Structures are given as structure tokens and as C-alpha cells.
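Asker: Take a look at the letters that make up each chain.
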Amino acid sequence: MTILSDHEEALFRAAFAPVREIEPDEDVVARVVAQVGRRKKASPRFVLAPARPRRALQALAALALLGVALYSVPVTRAAIEGTGESVGGVFSGWLGGDHAEAPGKPLEASEKLPEYMEYLHDSKEPRVIAEAGRYKLYSYIGSAGGLNFELGGIGVGLGYPSAAELGDAPLHLLDPGARPHADAQGHVPLFGLATRSVSSVELTYESGPPLRVSGVEGGFVLLAEPGRGPIEVIALDAGGREIGRKPINYPLIDKSPQPPPPIERGGHASSGSHEP
Amino acid sequence: MDTEPREIRELVADQVRRFRAGDGDAAEPLAHRALRMSLRTASALMRSREDAADVAQEVAVDVLGSLGKLRDPEAFDAWVHRITVRHAMRRLKKGRSTRKVEAPLAMLDEEGLRGATPDSDIDSRLAARYALIGALSRLPARQRMALALRYVHDLPDAEIATALGCRVGTVHALLSRGRGSLREDQQLVEVTLDLKEEG
Numbered sequence: 173m174t175i176l177s178d179h180e181e182a183l184f185r186a187a188f189a190p191v192r193e194i195e196p197d198e199d200v201v202a203r204v205v206a207q208v209g210r211r212k213k214a215s216p217r218f219v220l221a222p223a224r225p226r227r228a229l230q231a232l233a234a235l236a237l238l239g240v241a242l243y244s245v246p247v248t249r250a251a252i253e254g255t256g257e258s259v260g261g262v263f264s265g266w267l268g269g270d271h272a273e274a275p276g277k278p279l280e281a282s283e284k285l286p287e288y289m290e291y292l293h294d295s296k297e298p299r300v301i302a303e304a305g306r307y308k309l310y311s312y313i314g315s316a317g318g319l320n321f322e323l324g325g326i327g328v329g330l331g332y333p334s335a336a337e338l339g340d341a342p343l344h345l346l347d348p349g350a351r352p353h354a355d356a357q358g359h360v361p362l363f364g365l366a367t368r369s370v371s372s373v374e375l376t377y378e379s380g381p382p383l384r385v386s387g388v389e390g391g392f393v394l395l396a397e398p399g400r401g402p403i404e405v406i407a408l409d410a411g412g413r414e415i416g417r418k419p420i421n422y423p424l425i426d427k428s429p430q431p432p433p434p435i436e437r438g439g440h441a442s443s444g445s446h447e448p
Numbered sequence: 015m016d017t018e019p020r021e022i023r024e025l026v027a028d029q030v031r032r033f034r035a036g037d038g039d040a041a042e043p044l045a046h047r048a049l050r051m052s053l054r055t056a057s058a059l060m061r062s063r064e065d066a067a068d069v070a071q072e073v074a075v076d077v078l079g080s081l082g083k084l085r086d087p088e089a090f091d092a093w094v095h096r097i098t099v100r101h102a103m104r105r106l107k108k109g110r111s112t113r114k115v116e117a118p119l120a121m122l123d124e125e126g127l128r129g130a131t132p133d134s135d136i137d138s139r140l141a142a143r144y145a146l147i148g149a150l151s152r153l154p155a156r157q158r159m160a161l162a163l164r165y166v167h168d169l170p171d172a173e174i175a176t177a178l179g180c181r182v183g184t185v186h187a188l189l190s191r192g193r194g195s196l197r198e199d200q201q202l203v204e205v206t207l208d209l210k211e212e213g
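Taken in order, these protein sequences are the chains called A and B.
Per the numbering used here, the first sequence starts with residue 173, numbered consecutively.
Per the numbering used here, the second sequence starts with residue 15, numbered consecutively.
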């Protein structure tokens with residue numbers, strides 16, 4: 173690491189000084205507030221209506237679904253009957269304080285958390301939900317009771333105020349945004365969650381055979397090959413029947429030019445600071 | 015390292031909680047904060063004022079629209095930085111293919127500066143602004159981003175790593191290389207020295 177002199181540090185700070193004074197126009201602030209207001213009205217994730225009408229609507233929707241489900245396949249019926257059959261259901265018991273319902277497995281005694289989790293003040297009860305290669309999907313309950321995921325190996329965390337935020341689909345992909353580049357093996361990890369009926373997942377590509385991973389228990393990590401054009405993840409039950417699918421509708425690799433891998437100096441070559 | 019006072023963070027966290035609970039009055043201060051932070055970052059990265067303003071607006075809308083996912087209300091600023099990085103990287107990529115370099119760049123509104131500041135100060139600041147943008151534009155995007163987060167927002171390495179989605183060691187390397195390049199930019203060093211002497 174380079175040691176900066178006070179003089180150099182002052183130079184850099186002075187160079188950026190003009191930017192630190194910029195203020196947004198109030199017109200733009202008002203425009204943003206209006207735009208967010210419109211989005212909230214349109215999005216079911218941010219319904220601000222009183223709870224009672226919402227519950228009534230949900231009850232009506234559930235009744236309608238139940239009616240349809242009577243004539244549907246068993247797995248659909250299982251999904252609306254409840255516990256554990258939505259991605260949120262996998263985590264709701266644990267979040268509610270039932271440790272027997274905790275998904276995944278606890279950290280082994282000798283297992284060290286990634287450095288970016290150690291400084292989190294609320295990394296309580298971390299669990300390993302899935303792993304592949306050197307990538308691990310961790311979950312833990314935050315200090316405010318929220319559900320958190322850490323995508324081990326890429327240093328990204330995602331938080332949800334409640335398990336219900338994960339939705340009721342059988343699959344949920346945890347999108348960390350485009351990675352700067354694939355790892356040395358040409359892989360980009362795809363992290364996801366799945367209901368308990370999902371026992372394997374399949375990643376399909378534009379070219380070549382799909383990647384299938386078995387033994388899924390609540391979540392998965394897939395080592396995707398971005399060069400083959402990943403299309404979607406398909407969830408399968410123990411009998412190989414499809415339960416659901418999710419398209420991969422975000423870029424896995426950021427195509428903008430990246431700096432070459434950093435070279436550690438001063439005897440820190442083994443500190444593992446390289447991003448995958 | 016300069017950090018946000020505790021009272022400010024608690025105030026912002028309270029606004030986040032109120033916003034989530036449906037209090038419309040909390041939207042305006044949060045939008046203002048998200049816009050200001052992202053506009054400053056984007057202004058250090060983009061080659062045009064319009065691009066910086068576009069990115070800031072997209073970020074602010076996204077931040078407020080996704081506050082339901084924020085696990086810790088006190089982490090509002092980190093949330094803004096992370097979303098800013100994502101939008102700015104996309105815009106930088108898009109800009110290279112669709113836009114020519116535009117004339118006078120980002121940063122402060124020159125007209126806004128005049129009247130409130132002595133002319134000599136304005137000249138120095140404008141010169142520093144142009145020199146900085148010139149020097150930064152020659153750096154890889156992630157080095158630029160790391161430098162902006164450090165010197166615009168005073169973020170420590172761990173918070174820059176969170177925003178960029180990389181490890182702390184990677185941030186050390188990005189900052190070290192970026193500083194090395196800025197240090198060698200003679201024009202930037204000269205105008206910055208002028209600015210320091212006047213300041």
C-alpha cells in the first residue's frame with residue numbers, strides 16, 4: 173500500500189473540492205418525489221393502503237387461487253397451502269424465532285466468516301444456505317429482525333425487512349448486479365433461493381447443455397458460464413417435474429473496461445484481496 | 015476520516031422508517047439527500063452535466079423505490095452509494111457507445127458560481143474542475159469510482175468496498191493506482207496547488 177504524504181492528500185482533496193459543493197435543484201427533488209409516488213401506486217411491493225383492505229384483498233385472491241387449484245396439479249395446491257412452499261416460507265419460521273426451522277446449516281466451529289461480514293455489527297446467527305466452489309450463500313437475522321443474505325465470494329449483501337418480501341414464487345434469484353469479470357475458471361456465481369419442494373435446479377444456456385445441481389435445500393449457488401448466454405433457472409422437484417422458472421434478465425458481467433487485477437505490495441501478496 | 019455526525023444518521027434513519035410507514039413528508043428530505051450524494055459522485059465521473067444529472071435522478075428514484083429492501087435504516091447512505099455505482103457504471107458504458115464528448119462538463123453551474131464568489135476564485139475552481147475531469151477521464155471506471163467515493167464523500171475503504179461490491183484489498187489497489195495516475199497529471203497538480211494557495 174502506498175503511504176500518502178499530507179501534502180499529497182491535501183492536493184487530492186483540493187482537486188475534488190468543487191464537486192463537494194454541488195447541490196441538486198429543488199425542481200428535480202420534486203420531480204423525484206412525484207415519480208416515486210407514482211411508482212408506489214403502481215407497485216404491490218409498496219402499497220401504503222391501510223392493512224384491513226389489503227387483508228381482505230389477499231383473502232379474496234387466496235380464495236380465487238384455491239378454486240383454481242382444485243383443478244390444478246398437486247404441486248400448485250401445495251404451494252398455496254402454505255408453510256415452506258414459498259421462498260419466503262422457507263425463512264419465515266426461523267425469522268419468527270423457531271430455530272428448528274432454520275434453513276441451511278450453521279457455520280462450522282472452524283469456519284471463518286468473510287472479512288466483509290465480520291465488520292457488520294448485526295451478523296447474528298449466520299447460516300450457510302448453499303455453496304459451490306469457493307462461493308457461499310450466507311443468511312442471517314439482522315438486529316432489526318430483517319432477513320439478510322451475504323453472497324460469499326463476491327462481497328455483496330442483500331437485506332429484506334421480512335420473509336414475505338421474497339415473494340411467493342418457488343424460486344428467487346439474488347441479483348448482486350453485474351460482476352466486473354468472471355473468475356479464473358470463467359464462472360460467475362448465480363445465487364438463489366428455492367422452496368422446500370425444489371430438490372434440483374437447472375441453468376439453461378443459449379448454447380450447450382444445461383447445468384443441473386441436485387441436493388438443493390432452500391438455496392443454491394450455480395457456477396454460470398457467461399460466455400454461453402445463460403437464459404433461465406428452472407426449479408425441479410424430486411421427481412424431476414418443473415415447479416417454476418426464473419429468467420436471468422440482468423447482465424452477469426459488466427462489459428465496461430476494468431482495471432487489471434490489483435498487485436499487492438509490501439508483502440501483502442497473500443492477503444486474498446483480489447476480486448473473483 | 016470525516017464521518018457523518020451521529021445525529022444526522024439517526025435523523026435520516028428516522029426519515030427512512032417514516033417513509034416506509036407511508037409518511038409522504040419523509041420523501042422530500044430523503045430524495046434531496048439521495049440526489050445530492052449521487053449528483054456529487056456522478057459529477058466527478060461523467061463528462062457532461064446532463065449525464066451526471068440523469069444518473070442522479072435515476073439513482074434517487076431507485077433508492078426511494080427500493081427502501082423496502084434496506085435492512086438497516088441507518089445504512090441509507092451506503093444504499094445510495096451502492097445504487098449510484100451501479101447506475102454510473104451503466105451510464106459510463108452507454109456513454110462510450112452513444113455520445114460524443116460534450117463540451118463543458120459536469121460539476122458546478124458556472125453561472126451559479128458567479129456573483130457569490132470573487133472572479134479569481136471562480137477561475138481557479140473552473141480550472142481545477144476541468145483538470146480533474148481530464149485526469150479522471152483517463153482512468154479506468156472503477157478507479158474513478160473509488161477516488162470519487164473517497165475524496166467526494168470521505169468514505170473509508172470498507173465502505174467503498176461495500177459500494178463497489180469488492181474486497182477492501184481491491185479498494186486499496188484501486189485507490190493506489192488512481193492516486194498514482196493523478197499524481198502524475200501535471201496540469202491537475204498545478205491548478206490544485208493554485209486552489210490550495212487561494213483557499
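Treat each hint with caution, since some may be false.
[Claimed, not checked] Pairs of lysine to any residue residues, derived as SDA-like cross-links and limited to a Cα-Cα distance of at most 25 Å, are as follows:
1) Lys-284(A) - Glu-24(B)
2) Lys-83(B) - Ile-425(A)
3) Lys-83(B) - Ala-182(A)
4) Lys-83(B) - Leu-383(A)
5) Lys-83(B) - Glu-280(A)
6) Lys-83(B) - Gly-268(A)
7) Lys-277(A) - Ser-264(A)
8) Lys-83(B) - Glu-193(A)
9) Lys-277(A) - Ala-335(A)
10) Lys-418(A) - Gly-339(A)
11) Lys-83(B) - Ser-151(B)
12) Lys-83(B) - Arg-413(A)
13) Lys-83(B) - Glu-303(A)
[To be verified] Not the full set, but computed from the structure, chain A residues with beta-carbon under 7 Å of chain B:
14) Val-208
15) Trp-266
16) Leu-267
17) Tyr-312
18) Val-385
To be clear, the hints were calculated from the coordinates, so they are not data collected in a lab.
In this text the structure is predicted, and so the values were computed from the model without any measurement.
Cβ atoms here follow ideal geometry from the backbone N, Cα and C, with glycine treated the same way.
Asker: Take the hints in turn and mark each one as holding or not.
Answerer: Now for the hints, and whether the structure bears them out:
Simply put, Lys-284(A) and Glu-24(B) have alpha-carbon atoms about 32 Å apart, too far for the 25 Å limit, and the pair is violated. Simply put, Lys-83(B) and Ile-425(A) have alpha-carbon atoms about 23 Å apart, close enough for the 25 Å limit, and the pair holds. A threshold of 25 Å between alpha carbons decides the hint, and for Lys-83(B) with Ala-182(A) the separation of about 38 Å lies outside it, so the pair is violated. Restraint check for Lys-83(B) and Leu-383(A): the C-alpha separation of about 30 Å exceeds 25 Å, so the hint is violated.
This hinted pair does not check out: Lys-83(B) and Glu-280(A) have alpha carbons roughly 29 Å apart, beyond 25 Å. In summary, the hint linking Lys-83(B) to Gly-268(A) is supported, as the alpha carbons are separated by about 18 Å, within the 25 Å threshold. Between Lys-277(A) and Ser-264(A) the CA atoms are separated by roughly 16 Å; this keeps the pair inside 25 Å, and the hint holds. At roughly 30 Å between alpha-carbon atoms, Lys-83(B) and Glu-193(A) are farther apart than 25 Å, so this suggested pair is violated.
Proposed proximity of Lys-277(A) and Ala-335(A) is supported: the alpha carbons are some 18 Å apart, at most 25 Å. At most 25 Å may separate the alpha-carbon atoms for a hinted pair to count; Lys-418(A) and Gly-339(A) meet this at roughly 13 Å. Our distance criterion of 25 Å between C-alpha atoms is broken by Lys-83(B) and Ser-151(B), whose separation comes to about 33 Å. For the hint linking Lys-83(B) to Arg-413(A), the alpha-carbon distance of about 32 Å lies beyond 25 Å, and the restraint is violated.
Taking the CA atoms of Lys-83(B) and Glu-303(A), the gap is near 24 Å; set against the 25 Å cutoff, the hint holds. With 7 Å as the threshold, the beta carbon of Val-208(A) comes within range of chain B, its nearest partner Cβ sitting at about 4 Å, so the hint holds. Because the beta carbon of Trp-266(A) sits about 15 Å from the nearest beta carbon in chain B, more than 7 Å, this interface hint is broken. Evaluation of the Leu-267(A) hint against chain B yields a violated restraint, the C-beta minimum of about 12 Å exceeding 7 Å.
This hint is violated: Tyr-312(A) has a C-beta 10 Å from the nearest C-beta of chain B, more than the 7 Å allowed. Given the 7 Å rule on beta carbons, the hint for Val-385(A) is violated: about 24 Å separates it from the nearest Cβ of chain B.
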